[in-house]
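*Asks:* If you're matching them up, the sequences are chains F and B in order.
Numbered continuously in full-length UniProt numbering, the first sequence closes out at residue 873.
Numbered continuously in full-length UniProt numbering, the second sequence closes out at residue 873.
Be aware that one or more of the hints could be misleading.
No distinction is drawn between identical chains; accordingly, a pair holds when it is met within one copy or between any pair of copies.
Distance condition first, Cα-Cα at most 30 Å in a straight line; then the derived DSS-like pairs of lysine-lysine [what the hints assert, rightly or not]:
(1) Lys809 - Lys531
(2) Lys78 - Lys543
(3) Lys370 - Lys582
(4) Lys3 - Lys31
(5) Lys360 - Lys166
(6) Lys699 - Lys360
(7) Lys795 - Lys292
(8) Lys389 - Lys710
(9) Lys809 - Lys826
(10) Lys795 - Lys809
(11) Lys423 - Lys694
(12) Lys817 - Lys710
(13) Lys845 - Lys710
(14) Lys809 - Lys822
(15) Lys817 - Lys792
(16) Lys792 - Lys592
(17) Lys817 - Lys313
(18) Lys686 - Lys189
(19) Lys14 - Lys389
(20) Lys592 - Lys783
(21) Lys710 - Lys792
Think of the hints as simulated: they come from the structure by calculation, not from any bench.
Number of protein chains: 2
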Amino acid sequence: MNKQVYDFNEGNAKMKDILGGKGANLAEMTKLGLPIPKGFTISTQACMSYLNQKEDFSEDLIQEIKSHVKSLQLATGKSFNDSTQLLLVSVRSGAKQSMPGMMDTILNLGLNDGNLSVLAEETGNWVFTLDCYRRLIQMYGNVVAGIPSHYFERCLDKVKTAKGYKNDTDLNCEDWQGIITDFKAIYYKHCQASFPQEPMQQLFGAIAAVFSSWNNERAQVYRELNDIPDNLGTAVNIQEMVYGNTGNQSGTGVAFTRNPSTGENGLFGEYLINAQGEDVVAGVRTPASIDKLATDLPQCYEDLVRLSDLLEKHYCDMQDIEFTIENGKLFILQTRNGKRTAKAAFNIAVSLVNEGLISKEQALMQIEAKSVDQVLHPTFSAEALGAAKLLTDEGLPASPGAASGRVYFDAATAQEKAQAGEKVILLRQETSPEDINGMVVSQAIVTSRGGMTSHAAVVARGMGCCCVVGCSDLEIDEVAELARMNSQTLHAGDYISVDGTEAKIYAGQIAMVPSTGQEAFHTIMDWAREKAKLDVRMNAESKSDIRMGLSFNPAGIGLVRTEHMFFAPERLREMRRFIFSKNAYDQDAALKRILNYQLEDFKTIYEEMQDRPVVIRLLDPPLHEFLPHNNQEISQLAKQLHLTISQLENRMDELAEVNPMLGHRGCRLAISYPNLYKMQAEAIIKSAIIMKEKGLRVKPEIMIPLVGIKEELTSIRAEIVAHIEALLIENKTYIDYSVGAMLEIPRACFIADDLAESADFFSFGTNDLTQLTYGFSRDDAGKFINEYVNRKVLKLDPFQTLDEVGVGKLIEIAVNKARQAKPEMKLGVCGELGGDPRSIAFFHKIGLDYVSCSPFRVPIAQLAAAQAAIQFK
Amino acid sequence: MNKQVYDFNEGNAKMKDILGGKGANLAEMTKLGLPIPKGFTISTQACMSYLNQKEDFSEDLIQEIKSHVKSLQLATGKSFNDSTQLLLVSVRSGAKQSMPGMMDTILNLGLNDGNLSVLAEETGNWVFTLDCYRRLIQMYGNVVAGIPSHYFERCLDKVKTAKGYKNDTDLNCEDWQGIITDFKAIYYKHCQASFPQEPMQQLFGAIAAVFSSWNNERAQVYRELNDIPDNLGTAVNIQEMVYGNTGNQSGTGVAFTRNPSTGENGLFGEYLINAQGEDVVAGVRTPASIDKLATDLPQCYEDLVRLSDLLEKHYCDMQDIEFTIENGKLFILQTRNGKRTAKAAFNIAVSLVNEGLISKEQALMQIEAKSVDQVLHPTFSAEALGAAKLLTDEGLPASPGAASGRVYFDAATAQEKAQAGEKVILLRQETSPEDINGMVVSQAIVTSRGGMTSHAAVVARGMGCCCVVGCSDLEIDEVAELARMNSQTLHAGDYISVDGTEAKIYAGQIAMVPSTGQEAFHTIMDWAREKAKLDVRMNAESKSDIRMGLSFNPAGIGLVRTEHMFFAPERLREMRRFIFSKNAYDQDAALKRILNYQLEDFKTIYEEMQDRPVVIRLLDPPLHEFLPHNNQEISQLAKQLHLTISQLENRMDELAEVNPMLGHRGCRLAISYPNLYKMQAEAIIKSAIIMKEKGLRVKPEIMIPLVGIKEELTSIRAEIVAHIEALLIENKTYIDYSVGAMLEIPRACFIADDLAESADFFSFGTNDLTQLTYGFSRDDAGKFINEYVNRKVLKLDPFQTLDEVGVGKLIEIAVNKARQAKPEMKLGVCGELGGDPRSIAFFHKIGLDYVSCSPFRVPIAQLAAAQAAIQFK
């Protein structure tokens with residue numbers, strides 16, 4: 001039989017798989033000699049066995065827990081049934097990965113009607129004792145018996161209102177006794193059983209509840225959101241209680257070793273005097289800043305600073321520390337690597353490297369690639385902001401960024417509206433774990449209560465979602481679905497704009513501008529490009545996109561979509577002239593005019609990109625995409641082209657397709673209209689010649705799309721190359737061009753070795769390849785994909801993260817075949833997935849040379865590529 | 001250096017690769033001691049070297065040919081330059097596979113102005129000698145110098161008309177001398193050179209022409225049509241001349257050892273007295289039946305019967321023999337396995353087995369699977385025939401079958417009209433190899449001249465195309481594009497109907513009925529099912545299709561397309577009610593009514609199929625296929641369903657798809673509308689219960705289409721199975737059903753092992769799999785696929801013959817994965833390719849259990865499956 005329970009002094013920080021993050025760190029800190037209340041941890045395996053045994057404790061586990069309770073009683077000199085030294089414990093979950101607010105905690109476990117007086121005598125404080133007991137009943141009732149919290153809270157509020165109390169600390173013994181009676185009645189009513197009096201019964205009930213909470217809905221949502229496997233289980237930590245609520249020499253708080261929003265070095269946090277456990281995190285009372293502790297309890301503050309510093313150095317990362325002060329003595333209850341905003345993550349990582357605590361590789365691994373675009377969060381445009389109406393700046397900047405959206409007052413509505421395509425902002429008094437579904441779909445989160453470590457703040461920072469908390473001048477009426485701030489009333493569906501960096505809220509929508517990051521960001525990106533094996537290129541063709549992308553230092557352009565250049569009115573006209581031409585002469589005349597436009601296009605691109613490589617994809621969409629759309633356009637065009645309307649319509653009917661995605665497009669067009677690609681090749685080469693004369697070394701990479709049959713590539717390539725060679729001879733010059741193929745048809749992957757004979761490079765088009773491998777049209781799948789996700793038929797959207805078993809397998813087959821035929825062949829990816837970190841890891845592992853993504857995703861891809869190179873050397 | 005030239009006594013029948021079919025058989029017959037004019041064969045490799053060396057003879061080859069000419073002179077005691085014993089030779093092509101009419105022949109080679117008198121003296125016949133010389137100039141002029149035949153023919157016709165001659169034999173010496181002068185002038189005019197007088201120059205010119213003819217257009221078309229590789233080359237046979245045109249004791253003919261139309265045993269053929277070489281085949285003179293030879297030249301006839309019998313027994317197959325009689329002595333010039341109609345092929349194969357000449361396996365291998373549907377050629381319906389107007393029954397039944405179509409008078413027009421989708425019938429005085437492109441696209445071929453072995457007859461039989469030749473009361477004016485028969489005039493584009501079995505031609509179109517084959521056909525099919533490893537099922541759901549298919553004894557139904565049952569008006573109405581239902585109640589009500597229809601459908605199928613297995617595919621098409629099509633239907637439906645037109649249109653807009661092929665269909669429907677599949681499963685099981693009560697052992701195989709993700713299959717299967725099990729319990733009975741998946745999405749192939757966990761069988765849907773693997777929509781590809789074929793980008797249509805490298809590879813991956821997970825899993829194919837012989841060989845090799853095809857293709861598939869089992873044991 002495996003050991004299932006570990007005393008804190010039996011473990012260490014490396015045992016997170018078994019002890020969970022919290023348990024492993026409690027063990028580590030115990031080893032370091034820190035002031036940690038004694039206790040033990042029940043392993044994650046015990047949790048999984050329990051869940052797999054239909055939620056039943058094995059006899060082995062029961063015995064092992066009982067024996068550790070005995071040891072704890074010995075070590076503390078306290079006992080559940082002692083008449084002088086009463087053992088009370090906390091029971092907390094602790095999974096391998098931190099899941100804030102997702103799992104449940106019970107404090108003060110062991111109290112009952114019979115031993116209340118022991119605690120009261122020991123502490124000399126009946127108010128405290130009764131408060132502890134009512135908390136136990138409340139937490140136990142909620143977590144173990146599943147009684148909604150508001151039953152208890154409403155009862156407490158009723159007493160406070162009746163007596164005119166403002167704070168919980170105003171209640172006296174009699175009040176608490178009444179409340180305890182009421183709480184017990186609530187408990188009985190819901191459970192048809194009395195609140196359990198036997199401490200061991202309480203203990204096993206609490207352990208069972210923690211185990212089961214692994215599978216509650218919130219936990220499942222969080223795991224899905226964060227790609228945490230379902231079979232890890234949670235550990236349970238049983239720990240001797242220490243009390244922050246024994247009076248004004250006591251308190252409880254949360255401290256970060258650096259500022260989690262900015263990364264600034266120095267203790268950052270909040271605490272509450274005379275409070276217990278969840279009071280700070282729950283955001284019920286607005287806590288004080290940690291700096292105030294230096295004046296309130298200077299010795300404790302000094303201890304906290306010293307221990308924080310020690311922990312950060314020990315873990316080589318910014319720490320998120322929970323502490324409790326009991327009658328002037330500091331106890332550390334938990335430490336973990338602190339969640340931080342993306343901006344803070346960059347600053348902290350660079351600082352830690354500069355301070356010599358970690359290596360560049362470690363720094364790169366510390367930053368989640370997904371979070372990169374958070375530091376590049378667009379901000380409000382300065383002009384637009386000038387005209388905007390400020391509603392309030394009273395809140396706290398809990399998570400940076402800027403967003404506009406429609407306000408909603410409950411998570412369900414927010415979720416529903418977001419699914420319908422709206423940009424939503426969640427407005428709540430405070431958030432709780434029940435709100436998670438609504439939070440993940442929101443552009444921004446705003447609360448009227450709570451501090452920088454409240455649930456809303458922590459979750460928002462974790463998600464990179466813009467957030468303002470503690471907006472005290474915001475009166476929210478969740479039932480009436482409206483909010484008032486400074487005489488302005490907001491109704492559900494109204495637009496507001498939120499600046500999470502400045503903690504400002506504006507009325508209406510405000511235009512945004514992209515950001516290009518700050519110093520630490522650029523330092524990290526330099527390191528990333530240094531370590532990465534995969535080059536990162538961008539998909540771009542417009543001057544503005546190229547300029548924006550160049551600020552991220554891409555290795556080149558991986559995809560110029562030439563069709564994007566055909567839609568300006570004067571070009572579209574020529575394209576239509578080409579499509580409707582009655583003879584080869586007209587057709588060539590139209591192509592010649594398009595050629596001149598394309599010449600300018602490519603010159604601009606070369607000029608911007610200088611000597612960086614550029615892949616230009618030849619025309620891809622079906623011709624019917626260029627047709628007129630309505631009767632007015634049709635009759636206008638008929639006049640222009642000297643055709644009858646019925647001639648026009650006949651040709652349009654001819655071009656119509658049942659499944660355009662599978663139709664006459666890509667290189668198939670060039671089989672029917674060889675001059676189309678020849679024209680484009682001519683523009684590419686002629687513009688390169690012009691740039692060469694200006695002293696630029698342009699190396700155009702010409703890409704033929706939608707190849708699925710060997711002869712498509714060989715014949716089109718032969719025509720293009722013959723045309724180019726003739727041009728070069730005519731111009732008595734030389735251009736270092738190459739001709740490759742876009743692999744996006746499943747069949748192409750199986751013949752990649754044959755295709756390699758006629759291609760200088762391949763670029764995988766993951767969009768079409770995914771569409772064809774799944775038989776999903778992106779245009780249509782949107783209609784049923786929600787049902788797929790809701791019914792968990794699809795876990796990850798294959799258009800956002802590479803499907804490794806299907807699409808990935810095809811790419812792997814192609815890579816192997818291509819390399820077999822041509823070991824040095826350049827291989828890349830230019831679909832949406834080129835900017836997805838998990839997909840990039842796969843592309844690194846199978847040995848591609850580059851990925852190409854939208855300019856804005858370039859830095860994410862660069863970081864992901866570096867991380868893949870570090871992780872999969 | 002390799003040997004490139006072989007004397008006839010150096011080879012044998014197995015050397016077809018080197019000597020070609022004709023050369024190998026000449027060598028074999030020489031070995032058997034048959035009366036074969038002496039000669040030698042230049043190898044196929046020599047041809048390829050010549051073609052690869054830019055059509056130049058290597059010095060080695062020149063020397064080798066010269067040395068064999070010397071040997072031939074020694075063996076015959078004749079010489080090119082002898083003044084008494086003149087050596088004249090024939091030069092004929094002979095590729096590995098017989099290519100009738102495709103390659104060219106030159107006779108009488110060696111004659112010149114100087115040695116004419118030697119031949120004349122030797123034979124005592126100046127008319128014959130001059131006829132031989134003019135033939136040489138004509139053939140050499142045509143084949144080597146490329147002068148169109150009609151120049152020579154017109155010249156000959158002019159003389160005949162002027163002199164009032166009817167036959168060539170009417171011409172005297174003076175006439176021939178005039179013609180020779182004219183022919184030489186024609187030659188000089190076209191070549192700007194005199195007709196070559198030097199025999200060796202003639203010989204090398206002829207060999208070069210034969211070599212080059214390998215690449216002429218006709219040969220290329222024929223090879224493409226018959227899948228003959230381009231790199232085989234042709235051999236050249238140089239053979240001492242024997243003369244059929246020396247007088248009435250001479251002649252030339254073609255004989256089959258059995259009737260090539262019916263298979264009837266006994267010599268069958270035609271001959272011409274006093275004629276040479278190509279006269280019979282060219283159809284210029286109408287020849288006499290071979291039976292007449294028994295009275296004309298009894299000894300020769302007896303020899304021919306004896307030698308034919310010997311050759312058939314030697315080759316174990318029906319022979320096609322060319323012979324020449326020179327002054328009463330029989331020479332065999334060629335033998336080969338005779339081309340035959342499909343009907344004859346079956347009869348001959350069965351006879352040869354019964355006669356003990358070949359085994360059943362050999363019999364099965366002798367019949368081309370593609371030809372099976374020729375014996376099942378539809379015939380005219382008896383009723384329709386009664387009302388039809390007979391135009392003529394004067395022709396010869398050259399190739400059986402029946403067809404209606406529009407008449408055209410030249411190959412080019414026929415080809416053009418056929419490509420435009422018309423059914424065409426080619427009407428010609430006689431056909432020549434130049435007509436091949438028009439012949440292959442015709443439903444029937446009719447000629448006014450020529451016999452049963454004429455070009456038209458041989459080619460039509462080879463292609464299984466219905467053909468009537470020698471229709472002497474048909475006056476065809478090819479220039480005016482009209483034909484007269486029995487006072488009726490036919491213009492281009494008029495419909496006629498041709499019965500190739502009865503040699504009857506009717507006016508207009510006549511309705512057709514399918515045929516189910518005759519005795520020998522059924523014998524062969526019994527043997528085929530005995531030898532095949534693959535079961536053959538049919539795709540069918542209508543009672544009439546099922547009944548028709550059952551006559552071919554299929555192993556079951558491999559595909560019931562349930563959607564075909566939804567289009568009858570009363571069902572379509574319920575389907576629309578389902579689609580437009582506003583609530584679950586209306587939806588269920590509609591489904592319940594559809595359930596009742598489906599119950600009857602399945603009962604009928606079970607009743608017809610008895611205990612044979614039936615695979616029923618659940619609904620596959622997108623819902624928009626069931627929508628109303630025009631405003632009238634829409635407003636009618638709105639009334640029926642008590643909806644406004646705009647409500648209807650909104651829902652229709654909702655259902656519209658950009659790429660329906662990649663849209664919301666197949667099992668994706670069941671994710672959104674689970675009750676749809678449950679309803680179908682219920683109908684399948686309830687009808688099975690009813691049939692069980694009637695004593696039938698029904699084993700329905702329920703197939704879920706379009707699976708691409710594991711969870712699709714697991715969740716839908718779970719729902720269906722739960723529903724069925726509840727039904728069975730409710731009915732206190734048991735049905736042996738199974739649930740499988742249709743694999744038609746590329747991704748499904750990669751996860752076949754995972755899918756196998758939740759499937760009892762797989763059936764590959766090759767249509768969709770091919771569409772997705774190529775990214776081709778069958779609905780749209782038609783528009784550009786012609787260009788693909790014309791430019792040889794596509795060699796085989798992947799929708800007609802499996803693409804082994806792409807689609808086949810995916811299927812192979814899936815088969816291996818499925819068998820790994822479940823070694824005994826039943827695997828089949830139910831797309832169009834299930835009836836294609838070449839694809840069936842592949843499916844046999846990768847170890848599928850069955851193929852399923854349209855009822856009419858079942859016998860082809862059965863034979864192909866047997867052949868695959870014999871060939872790939």
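*Asks:* Does each hint fit the structure? Answer for all of them.
*Replies:* Against the structure, the hints:
In the homo-oligomer, the alpha carbons of lysine 809 and lysine 531 lie at most 30 Å apart inside one protomer (26 Å), although the nearest pairing across protomers, at 38 Å, exceeds that limit. In this assembly of identical chains, lysine 78 and lysine 543 lie within 30 Å of each other by CA distance neither inside one copy nor across copies; the values are 74 Å within and 86 Å between. Taking the shortest Cα distances, lysine 370 and lysine 582 never come within 30 Å of each other, neither inside one copy (52 Å) nor across copies (42 Å). Taking CA atoms no more than 30 Å apart as the test, lysine 3 paired with lysine 31 passes inside one copy only; the shortest distance there is 20 Å, against 90 Å between copies.
For a Cα distance limit of 30 Å, the shortest separation of lysine 360 from lysine 166 qualifies neither inside one copy, at 52 Å, nor across copies, at 103 Å. Taking CA atoms no more than 30 Å apart as the test, lysine 699 paired with lysine 360 passes in neither setting, with 34 Å inside one copy and 66 Å between copies. In this assembly of identical chains, lysine 795 and lysine 292 lie within 30 Å of each other by CA distance neither inside one copy nor across copies; the values are 47 Å within and 83 Å between. In this homomeric assembly, lysine 389 and lysine 710 never come within 30 Å of each other (Cα to Cα): the closest approach is 62 Å inside a single copy and 52 Å across copies.
For the identical chains of this complex, lysine 809 and lysine 826 are neighbours both inside a copy (19 Å) and across copies (25 Å), given an alpha-carbon limit of 30 Å. Taking the shortest Cα distances, lysine 795 and lysine 809 sit within 30 Å of each other both inside one copy (18 Å) and across copies (28 Å). Proximity of lysine 423 and lysine 694 under a CA criterion of 30 Å is satisfied in neither setting, with 48 Å inside one chain copy and 62 Å between copies. Within a single copy, lysine 817 and lysine 710 get their C-alpha atoms as close as 14 Å, and across copies as close as 28 Å, so both meet the 30 Å cut-off.
Within a single copy, lysine 845 and lysine 710 get their C-alpha atoms as close as 27 Å, and across copies as close as 25 Å, so both meet the 30 Å cut-off. For the identical chains of this complex, lysine 809 and lysine 822 are neighbours both inside a copy (20 Å) and across copies (22 Å), given an alpha-carbon limit of 30 Å. Proximity of lysine 817 and lysine 792 under a CA criterion of 30 Å is satisfied inter-copy only: 24 Å between copies versus 35 Å inside one chain copy. With identical chains, the CA atoms of lysine 792 and lysine 592 are at most 30 Å apart between copies only, with a shortest distance of 29 Å across copies and 53 Å within one.
For the homomeric pair lysine 817 and lysine 313, neither the shortest alpha-carbon distance inside one copy (49 Å) nor that between copies (51 Å) is at most 30 Å. Neither within a single protomer nor between protomers do lysine 686 and lysine 189 lie at most 30 Å apart by alpha-carbon distance, with minima of 85 Å and 49 Å respectively. In this homomeric assembly, lysine 14 and lysine 389 never come within 30 Å of each other (Cα to Cα): the closest approach is 52 Å inside a single copy and 96 Å across copies. Taking the shortest Cα distances, lysine 592 and lysine 783 sit within 30 Å of each other only across copies (26 Å), while inside one copy they are farther apart (42 Å).
Within a single copy, lysine 710 and lysine 792 get their C-alpha atoms only as close as 39 Å, which misses the 30 Å cut-off; across copies the closest is 11 Å, which meets it.
Checked against the numbered hints listed earlier, the structure breaks hints 2, 3, 5, 6, 7, 8, 11, 17, 18 and 19; every other hint is satisfied.
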